[in-house]
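S.K.: Chains A and B supply the protein sequences, listed in that same order. Residue 81 is where the first sequence starts when you use our numbering, and the numbers rise one by one after that. Residue 6 is where the second sequence starts when you use our numbering, and the numbers rise one by one after that.
Where hints are given, some of them may not hold.
[Stated by the list, open to error] These stretches of chain A come out as covered by chain B in the derived footprint (C-beta under 8 Å, 3 or more residues):
(1) 84-95
(2) 104-111
(3) 160-170
(4) 189-195
It should be emphasised that the hints constitute simulated quantities derived from the structure, not laboratory data. Heads up, the beta-carbon is just placed ideally off N, CA and C, and yes, glycines get one too.
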Amino acid sequence: MISLKLVRRIAARPSIVFDALTTPDGIVHWWGPDDGPVLIAETDVRVGGRFRVRFRMRDGSEHESSGEYLEIRRPERLAMSWRWRGDEDAANESRLEFDLRTVPGGTELTLTHSALASEETRRSHEHGWSGALDKLVRHFQATATTEEKTP
Amino acid sequence: MVNYQARLDHTFAALVDPTRRAILARLEREDAATVSELARPFAIKLPAVMKHLDVLDEAGLITRSKSGRTVTVRLRAEPIREAVAWLRRYERFWSASLDRLAAYAEQKEAAARKKEGQR
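Turn these sequences into a full structure, and let the hints guide you.
M.R.: Structure (structure tokens):
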């Protein structure tokens, strides 16, 4: 299992952060790897409900991901499945989790995005690669933590 | 068990250094590179780069193959390449998204406080 963990401090209360994560109104303001526009944002925030977000990057390419809400505990926890449109391979489905913790001055947000183990990765574990992969994951987490923003 | 522990130590030591991380990220993007190509972006001498490559090799993260005077370096295995690509992709996506999420939520918070103050 490969997983990315990012931690951010945000100077806003958890309920405000939670709503920014789950409402179309909020999502259009932040979703995507650059400042290109969000074209579609749909959410049905209940366990078993789905979300769908489509965005355009500055290079003109459009991308869409969707998934199912798996866990909803406003304002402290949100979990959903994640799949890119055009990638129908169920093995590439990943899992996304947000944990929001009240801290002085606002919220500590922890994002965890985990890939389900692919056949290749599983085989590599059998061959003893897991140590190297674990360390890679930890390195990326360390990088992300250094970039953590303090309000 | 001893071997497993030793390998973890090697891998950990290999990834602590930013030059070695940069080398790995480059090998993930480009299929293979020669030692002198890898050395070029860094303000360090070739022998120092060779030392970094020794560490990555011992940690099992790269392979080196020699042909004449040219040494070609590759990421060791497909799973490592896959993992690096996956992490890089999502780290970029989420770091940028979370920056804007924070800015948006902080604006909302300021507006909410103003409203509460007026009550």
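S.K.: Confirm or reject each hint.
M.R.: Each hint, compared with the structure:
{"no.": "1", "hint": "84-95", "verdict": "holds (count 7)"}
{"no.": "2", "hint": "104-111", "verdict": "holds (count 4)"}
{"no.": "3", "hint": "160-170", "verdict": "violated (count 0)"}
{"no.": "4", "hint": "189-195", "verdict": "holds (count 4)"}
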